[in-house]
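> Letter by letter, the chains look like this.
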Amino acid sequence: MEHVLIIGNGISGITLARHIRKLSDKQITVVSSETDYFFSRTALMYVYMGHMKFEHTQPYENWFWKKNRIDLVKGYVQKVHTSDKKVELSNGAFITYDKLVIATGSKPNKFGWPGQDLKGVQGLYSKQDLDNLEKYAPNKKQCKRAVIVGGGLIGIEMAEMLRSREIPVTFLVRETSFWNGVLPAGESQMINEHIAEHHIDLRLNTNLKEILADENGQAKAVVTDKGDTIPCSLVGLTAGVTPNIDFLKDSKIEIGRGVKVNRFLETNISDVYAIGDCAEQHEAIGNRRPIEAVWYTGRMMGETLAQTICGNPMEYRPGHWFNSAKFLDIEYQTYGWVFSERNKKDHEEHFHWRHPKENICITVAYHKDTKKFLGINTFGIRMRHIMFDRWLTEERDIDYVMQHLKDANFDPEFYSHYEEQIILKYNSVMHTSLSVKKKSWKRIFSKA
Amino acid sequence: MKAIKNIGLVIFLVGLATFTVLPIIGTYRLDQNTFEEIIKDKNIKSDVFIQSINQNVIGKEFNGMLNLSPAITTALEDANTQHRKNKEYKKVIYTSGHDMAALVGKKSGTGFITENKGLMWFFTFGLGIIGALMFILPNIILLGKKGIKNDGIYHQSATNRGWIAWMVFIFLVSFYLVLYFRPEYAVNWTFLVDPISESLSGNPAGHWFVYGFMYCVVMTVMAVRMYIKYRHNVYQMVRTTSVLFFQIVFAFLIPEIMVRLQMPYYDFKNAFPLDYDFFFQWNLKSLLNSGGIGLFILVWGIVLTLVIVPVMVYFFGKRWYCSWVCGCGGLAETLGDPYRQHSSKSLFSWKVERWLIHGVLLFALIMTGMTLYSFFAESGTVLGIKTQSVQNAYSLLIGAIFAGVIGTGFYPIFGNRVWCRFGCPLAAYLGFVQRFKSRFRITTNGGQCISCGNCSTYCEQGIDVRAYAQKGENIIRSSCVGCGICSAVCPRGVLKLENGPEKGRINPTEVLLGNDVDLMQLVNKK
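For the protein sequence lines, the chains are A and B, in the order given.
Under our numbering, think of the first position of the first sequence as 1, with each following residue one higher.
Under our numbering, think of the first position of the second sequence as 1, with each following residue one higher.
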């Protein structure tokens, strides 16, 4: 019986294991040094905030693994011997394999800041990070202030977490406006305002220079490039993540920033694969980045590779881009591509609508010549994934999308609808006279 | 703001403490005339009992029900024992000792409480309401911007099965035990609401009136809490208003007013088999003897269960009843909301749930079958089993212990829908319709789920919502009451309660949306 060894029990590795089990009778082993059982990393914040207990983040009950014959090994792989087809654990044990999958995820970026390894300086990625946060920032008495460095999705989540315990937060963001490398200006501005509403001390255009230590080797203050010294007990480093692949440095597996893979998620060594955050495509797929540290892509790679490993070779073709996040109270969804002013191509134009009072807005990207619909960002409005996926496949134009926006609305029942207001503005900006079509179940369920 | 909250808490606790000591204080003095009335009303033929009461109770002052109750119950039991021994069955008193004590207590209560009903109402209900509102209202400001407000739920004793939760548990269980099994201790509570009862039905309040009134008060106050907590979510606001309306108007006011109009007491929204004694002989007889309105109720009750309920479930799912109309659901969604996270999501509980709830449905149906057979065949037994004892068993085990003591008493420990999930026979019936023939579903939004588990954690019915959502499957479960909280707490906009065509409602997928289209087709074809 073929033995598939998976390093890493995150969403990629576990999705892969589950799908291999569905498709075959292979022996499956998952090694992880982080936790005994798979948990949802995205939910760590809710444990700290008291919305959940850690056990709630585990999607499968503990008996699941034995019942599905997925062997779990708690251990840290320190070396991979591809020529002998075995891996070496830090306790000296060896595990042999027929097929090896590297799904070790990421680790928080550290850019060589002085003091970056002090106590009370951490990212927010692993279970250990959560434990450390409980240790260094359990309440506002013990943690008088926290400084978060890096204005991305994890940074704002960490700010929200700390605020839930009323810990004062200073948020250092390199950009001139929050996440404006990704978000168009209008949206980025709305988030800036919302961050202020939550009493977070947002400092734009500010970089970390140094973290100062107290006599116990714990962070006591940060120094910014503006010359400010901010006393604090905790420093959150959330300036992105980097593949967690140091243990492969001496192996024969080709690595760049991540583990280099082709479209079949194969590395340069046969029977060795990489998926999830740690995989780096030789060539980026479409507008995607070569390394995608996103929950969904990790899951999709797991689903795809299971097919390949079970004798149905399949390229990783992730389809239309989508993603979502939550900025404090504001939900964000995106379908297709909407680029920020900084990264936008010449042909990309935006239509932007923002609610006069509420934190609700949308931005629709389209091709300025053909009017082809390119993508949508929504804040405070939920949208139906299946509709945008279909419209992108069908290459609809923006007029069509605007007229059929009601089909795509996914807000709970009785919520106010804004399609009319949106199209009113659209008509005035675009000099059209479109009207919104009534929601149609027939269209929603019709197959493309 | 925090100070207001704390003062409110103290005021509330004073009200609660007053309410809690009431059962054991107060004075009772039974006079000859009142006792004669009771003898006449209850048609008491036991000379032994009458003599014993005359000797030991009449004219004496009893301090607290703890002293009065034993005097009555012992007298009654001793009398019955003697009559049974002498085979004087006509003299046996069939009213239970505790009901008799409650009756005597109600008629013989005297002193401060009975003379100051309004004041005492204020010191219990009044302070409770004012204190609770002072505790709740500052949240409009303290909770900050609209959004999900679950911070700290698992850090607080009250909502994380800590000592406060256990105190609430003990209080609620004791309260229900008194209501169902020791009504004489509720006598002082009935005095507080006498004026209200008299203005509605014209009669003094019994302990079930206290319960009904308190139910409405608790739901109203806790609905205010719901409005504040979920003020960003219109579905929750509308739904809360609906359950509150049906409780106050249909379950509380209309039946009381009907009594005033000499009509049968009836809650028009309470459908069989939740309303398990609808077909009991005494009820059928009372309806048949009440002329037009009685007949209307009889037809309405049958049509409600056989036509209205299933047709509505077809169009809207069982939520139209369970979380929009039902009183049990109404309490669960207001008083019970802080405890919704305690329902167990394990596969084991799901198995227990299916055995139990369908077992209760079967029990209810068999009992009703026996009841109807007995009614029409005019026989007290079916196949040698006494119908009355089956009815009594159901009333005790299901009606009182399961629905009341466990159903509500266990809120702080096992979550707010214990009865609805494990016991309610109507929920089981609606569940069949919802599962197999309905337009309702919770749609999963393509591949957007991040498996965070908020939905499962806050599902009061113990459904592992995430297990479906992370596979891209719609949630079609017989137990779902459509409270909408999973959709509310989802941080990624993955879940939507909706009614749509039956086609495409159940969508088993192996690979989620967002992936390459060929792969989707390949796996879904197999």
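Since the hints were derived computationally from the structure, they do not count as laboratory data.
Every residue, glycine too, gets a C-beta built ideally from N, C-alpha and C.
Mixed in with the good hints, there may be bad ones.
[Unchecked claim] Estimated spans, in silico, between C-beta atoms of each pair:
| no. | chain 1 | residue 1 | chain 2 | residue 2 | range |
| --- | --- | --- | --- | --- | --- |
| 1 | A | Gly-227 | B | Ala-17 | 56 to 62 Å |
| 2 | B | Gln-521 | A | Asn-68 | 39 to 45 Å |
| 3 | A | Trp-441 | B | Pro-204 | 51 to 57 Å |
| 4 | B | Gly-359 | A | Pro-290 | 55 to 61 Å |
| 5 | B | Pro-501 | A | Lys-345 | 39 to 45 Å |
| 6 | B | Val-311 | A | Gly-286 | 46 to 52 Å |
| 7 | A | Arg-342 | B | Val-238 | 39 to 45 Å |
| 8 | A | Arg-69 | B | Pro-508 | 51 to 57 Å |
[Unchecked claim] Within a straight-line C-alpha distance of at most 30 Å, the following computed DSS-like cross-link-like pairs (lysine-lysine) qualify:
| no. | chain 1 | residue 1 | chain 2 | residue 2 |
| --- | --- | --- | --- | --- |
| 9 | B | Lys-386 | B | Lys-285 |
| 10 | A | Lys-260 | B | Lys-471 |
| 11 | A | Lys-141 | B | Lys-145 |
| 12 | B | Lys-2 | A | Lys-406 |
| 13 | A | Lys-140 | B | Lys-351 |
| 14 | B | Lys-386 | A | Lys-357 |
| 15 | A | Lys-326 | B | Lys-149 |
| 16 | B | Lys-145 | A | Lys-53 |
| 17 | B | Lys-5 | A | Lys-53 |
| 18 | A | Lys-22 | A | Lys-110 |
| 19 | A | Lys-67 | B | Lys-351 |
| 20 | B | Lys-145 | A | Lys-425 |
| 21 | A | Lys-135 | B | Lys-2 |
[Stated by the list, open to error] Which bits of chain B does chain A cover? Going by a derived footprint, with three or more residues having C-beta under 8 Å, they are:
| no. | stretch |
| --- | --- |
| 22 | 70-76 |
| 23 | 167-177 |
| 24 | 365-375 |
| 25 | 381-395 |
| 26 | 415-427 |
| 27 | 448-455 |
> The structure should be examined with respect to each hint, and the outcome stated for every one.
Hint-by-hint comparison with the structure:
1. A:Gly-227 x B:Ala-17: 56 to 62 Å: Holds: the Cβ-Cβ distance is about 59 Å, inside 56 to 62 Å.
2. B:Gln-521 x A:Asn-68: 39 to 45 Å: Once the Cβ atoms are compared, 26 Å apart, the range 39 to 45 Å for Asn-68 of chain A and Gln-521 of chain B is violated.
3. A:Trp-441 x B:Pro-204: 51 to 57 Å: This hint holds: roughly 56 Å between Cβ atoms.
4. B:Gly-359 x A:Pro-290: 55 to 61 Å: 58 Å, holds
5. B:Pro-501 x A:Lys-345: 39 to 45 Å: Since the Cβ atoms of Pro-501 of chain B and Lys-345 of chain A sit about 40 Å apart, the hinted range of 39 to 45 Å holds.
6. B:Val-311 x A:Gly-286: 46 to 52 Å: With Cβ atoms ~49 Å apart, the hint holds.
7. A:Arg-342 x B:Val-238: 39 to 45 Å: 43 Å, holds
8. A:Arg-69 x B:Pro-508: 51 to 57 Å: For Arg-69 of chain A and Pro-508 of chain B the Cβ distance comes to about 23 Å; the hint is violated.
9. B:Lys-386 x B:Lys-285: Cα-Cα ~19 Å, so holds.
10. A:Lys-260 x B:Lys-471: 29 Å, holds
11. A:Lys-141 x B:Lys-145: OK: Lys-141 of chain A and Lys-145 of chain B at ~24 Å, within 30 Å.
12. B:Lys-2 x A:Lys-406: 43 Å, violated
13. A:Lys-140 x B:Lys-351: 44 Å, violated
14. B:Lys-386 x A:Lys-357: 68 Å, violated
15. A:Lys-326 x B:Lys-149: Measuring from Cα to Cα gives roughly 14 Å; hence the hint holds.
16. B:Lys-145 x A:Lys-53: 24 Å, holds
17. B:Lys-5 x A:Lys-53: 27 Å, holds
18. A:Lys-22 x A:Lys-110: Violated - the C-alpha atoms of Lys-110 of chain A and Lys-22 of chain A are around 39 Å apart, more than 30 Å.
19. A:Lys-67 x B:Lys-351: 17 Å, holds
20. B:Lys-145 x A:Lys-425: 27 Å, holds
21. A:Lys-135 x B:Lys-2: It holds: about 27 Å lies between the C-alpha atoms, which stays within 30 Å.
22. 70-76: With 0 residues closer than 8 Å to chain A, the stretch 70-76 of chain B misses the three-residue bar; violated.
23. 167-177: It is violated, with 0 qualifying residues against the three required.
24. 365-375: violated (count 0)
25. 381-395: Contact hint for the stretch 381-395 of chain B vs chain A: violated, 0 residues under 8 Å.
26. 415-427: violated (count 0)
27. 448-455: holds (count 6)
Violated hints, listed in ascending order, are 2, 8, 12, 13, 14, 18, 22, 23, 24, 25 and 26; each of the other numbered hints is respected by the structure.
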